[in-house]
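Starting from the known structure of chain A, fit chain B onto it as the hints suggest.
2 protein chains.
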Amino acid sequence: MDCWVDGQPAHALSLKDRGLAYGDGLFETIAVRGGQPILLDRHLKRLAEGCSRLAIAADIEVIRHELLAYGSAMGEGVLKLILTRGDGLRGYAPDPAAPGRRILQGNPPAAYPAVHGEHGIRLFPCNTRLSRQPLLAGLKHLNRLEQVLARAEWQDSEHAEGLMLDQAGRVIEGVFSNLFLVRDGVLMTPDLQRCGVAGVMRAELLFQAESLAIPIQIADISLEQLQWADEVFVCNSVYGIWPVRAYAALSWPVGPLTRKLQTIARALLDA
Amino acid sequence: MDCWVDGQPAHALSLKDRGLAYGDGLFETIAVRGGQPILLDRHLKRLAEGCSRLAIAADIEVIRHELLAYGSAMGEGVLKLILTRGDGLRGYAPDPAAPGRRILQGNPPAAYPAVHGEHGIRLFPCNTRLSRQPLLAGLKHLNRLEQVLARAEWQDSEHAEGLMLDQAGRVIEGVFSNLFLVRDGVLMTPDLQRCGVAGVMRAELLFQAESLAIPIQIADISLEQLQWADEVFVCNSVYGIWPVRAYAALSWPVGPLTRKLQTIARALLDA
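Top line first, the protein sequences correspond to chains A and B. Final position of the first sequence in the UniProt record's numbering is 271; the numbers increase by one with none missing. Final position of the second sequence in the UniProt record's numbering is 271; the numbers increase by one with none missing.
Extracted from the complex, chain A is given alone in its bound form (with noise of 0.2 Å):
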């Protein structure tokens, strides 16, 4: 299916757009079933808090209606939405009144194998170190580089995932996912004040955990917290959970908690 761009159907990008000359912007990778863009709502709010704490001017009503629309036009797959500042003159000082420029990319269904969810992963230990940067933590902007370096650490298909930590040696996140275990029934995952992104799918299954009265903990983690987790799973909204089974020297097994949320994920993701 053909991109647009600002609501038309578009095959090329004006070369002064800021999102190309300093990744001047914010994108949302969003899984559409049965022509619906599923988790609509959280993808439009983060993507609203971005805009907010970057100063970009979009109407987020507009866009979920080419969301909508586009969503279905075609029918399956997944949907990815690039909010930029739109084109820029010389220089870094963004223009207050440019309006934010809107680019929607269609793709086929992800093809990752059922395995991944049936059996789990194994994460692979990333070099690459997230930095500390709070006022852009979380948002899902487009400065990408530490995860194009980390996802470039391994080429083996034994990995689904790698696993990234902070500078500090916390555990943050995958290189495309958010990160979750389970220890003594309670649920855990990273703080993100510092770094890393706070996923669509890791806010609705915080959300999904609360209405079941699951205990829930948004902390630092250590490598130790990890090691002594009885489940530990990565999660988008793309693929919903996989289990992750092994990283370096560490294995777990797939637990019922990690069944249970994956359940829900996959719902979710069938709609």
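Check before you lean on any hint, since a few could be wrong.
Where chains are identical, the list cannot tell them apart; a pair therefore holds if satisfied intra-copy or between any two copies.
EDC-like cross-link-like pairs, simulated, lysine to aspartate or glutamate; straight-line CA separation at most 20 Å [claimed, not checked]:
#: 1; residue 1: K140; residue 2: D59
#: 2; residue 1: K45; residue 2: E61
#: 3; residue 1: K16; residue 2: D6
If you are wondering where the hints come from, they were derived from the structure by calculation, not from laboratory data.
This is chain B only, laid out in the frame that chain A set:
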């Protein structure tokens, strides 16, 4: 003048470009005088180091010939080269064989007030701190949201540049310049192993100072050291040198070493 993409006149970019998707690339901003790209070898050296560290396959000699041809055609102005990893498929994993994509853009000469160089400037105290990322430090890569946020902190024309500290409060650089100070005859500039852009004019000035037997120190610099400096200046490869007269409550005279190096920078840029 038209932009060039991979050596051909072009007005638009592929929507699949990884420069847009992830800021996966590098750039150089080069002064052009009398058809000549100034300090071309230093620009290409930094670019080559960036390609090596990001594992972007690019033929630096092809880039050199394109920059020379483009510069010759534009005559006077500022030439911007963006080198991205080219088109990507879905996901962060880079294709190690992907050839880089070369984007050349010509702009008219920068129109900074002459008074900046003559009388010196005032630095805005930016709240945006630079994050520590040794894997990217020194490179002029396309992940520039920190600079965008910092430059958005002031709109007045009283401040020609802003000063950025790192998360530990060390003095690092301007938003679009490098910083030097002089103390007891020693020329000092911040160490850029953790963050910052290792500017081409910075490298040239260090080289020139060495040739003149001026003592040089590349080290961590605190705000207190800045306070006790005899002279402070900022530099880049487009405007040369601007003396710094004030930063917050601090102030400095325009000193003799600043003037000496400014003459050298001016001679290069007026070539």
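Here's how the hints hold up against the structure:
Taking the shortest Cα distances, K140 and D59 sit within 20 Å of each other inside one copy (18 Å), while across copies they are farther apart (32 Å). When the C-alpha separation of K45 and E61 is checked against a cutoff of 20 Å, the pair qualifies only within one copy, where the shortest distance is 11 Å, while the shortest distance between copies is 47 Å. When the C-alpha separation of K16 and D6 is checked against a cutoff of 20 Å, the pair qualifies both within a copy, at 15 Å, and between copies, at 16 Å.
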